[in-house]
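Asker: Assemble the whole structure, with the sequences as input and the hints as a guide.
Residue numbers (the numbering used here): 1 to 439.
What the hints contain is simulated information worked out from the structure, not anything from laboratory work.
Incorrect hints may have been included.
[As the list claims (entries may be wrong)] Below are the SDA-like pairs computed for lysine to any residue, each with C-alpha atoms no more than 25 Å apart in a straight line:
id, residue 1, residue 2
1, 208, 301
2, 276, 286
3, 208, 360
4, 223, 300
5, 360, 194
6, 223, 301
7, 282, 369
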Amino acid sequence: MADQRAADHQAMDEVVEFTSGLIRIDTTNRGGGDCRERPAAEYAAERLAGAGLEPLLLERTPGRTNVVARIEGTDPSAPALLVHGHLDVVPVEAADWSVAPFSGEIRDGVVWGRGAVDMKNMDAMILAVVRSWARQGVRPRRDLVIAFTADEEASAEDGSGFLAGHHPELFEGCTEGISESGGFTFHDGAGREIYPIGAGERGTGWLKLTARGRAGHGSKVNKENAVTRLAAAVTRIGEHEWRIGLTATVRAALTELAALYGIEPDFTDVDLLLEKLGPAAKLVEATVRNSANPTMLDAGYKLNVIPGEAVAFVDGRFLPGAEEEFTTALDHLTGPDVDWEFAHREVALEAPVDSPTFAKMRAAVREFAPGAHVVPYCMSGGTDAKQFSRLGITGYGFAPLKLPEGLDHQALFHGVDERVPVEALHFGVRVLDRFLRTA
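Answerer: So this is what it looks like as structure tokens:
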């Protein structure tokens, strides 16, 4: 008889099979609508239907498909929990990879391919857990809404933004949600295993800068050169030193990490505190201040012609409560000769770290990794939790993986040779199963 206290053995096989299968479906999102998630959505929906659920396939744009299903819990008075993962992935330069990036190859106990950690692994874990429950007759305490989304790697307009804006009824009763970027092993190089759980996200402020000037011959004096004006603004932005600003989540992260290392947390000199934390500082250093990194330039059409316009793009991120500071700084840094606008803008998020849900995530990790040091952290980037927050859903990052030392989880996001160990997937299924049963 199956042990109904834990995910069954078939779930361990299926999570590997599903991770590989989803990777083999190329859902590259190049932005501007250039993506087709429908084959992956149908793959997920078929496996949800095999667990006795009735998944809905929903599209704003043909081919940009989302999947939503609900599992009824045993406690009708409990608020529902959203469990979501995205189906799209970022582009690859295949020549840089050791394996074919969409092969889903399983070699030496590792699943390789684009999406292995961002985030088809979590999609597969969700499917494996749900199907294990169906075989065992298990129901969670609270209603679970399962959502697989399109377009997370771009604007989310065809994905979570569309679902939140046009199908809010599907998320009725949801007060909290979990998704990517939390619950993974961070090795500090000194034998400690730290498991950060996401309890916040910086806001997204992707910027378009436009400099205008006087077009003319490249051999002539030109004091109104658009390229020069743009280059000066981009340099100012790239070299700007943003002030420290500690949110509640980051302060909690620093406090717990400092305690782990026996350090008195001095918040009057955060940079020094980060230095004392050593490698563990990587978990928080990007989230103690706003940031703005120039990423793209576009100007001119011929070497000997000074163009009348030059354009740049900047990846900006701002802390919860610091958007006004961010925009004020950009007004100053761009100067009078360069205009700027948001190419994409999304809210910053913060979730309580003293909630019962956070405590249950912490406990689930510790059950299967007894030596784990579980800490809260704020994500430097963003997830679909931003869009779902419009429905009043508090988002956490919790896609558990137990990783071996030397495998840098954060470097694999959008990186070359993205991969995930089979044992990490098995750990993720066990932890996710335990958490979702009682959340």
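Asker: With reference to the structure, classify each hint as holding or not holding.
Answerer: Consistency of the hints with the structure:
no.: 1; hint: 208 with 301; result: holds, 19 Å
no.: 2; hint: 276 with 286; result: holds, 16 Å
no.: 3; hint: 208 with 360; result: violated, 42 Å
no.: 4; hint: 223 with 300; result: holds, 17 Å
no.: 5; hint: 360 with 194; result: holds, 17 Å
no.: 6; hint: 223 with 301; result: holds, 19 Å
no.: 7; hint: 282 with 369; result: holds, 21 Å
In summary, the one numbered hint that this structure violates is 3.
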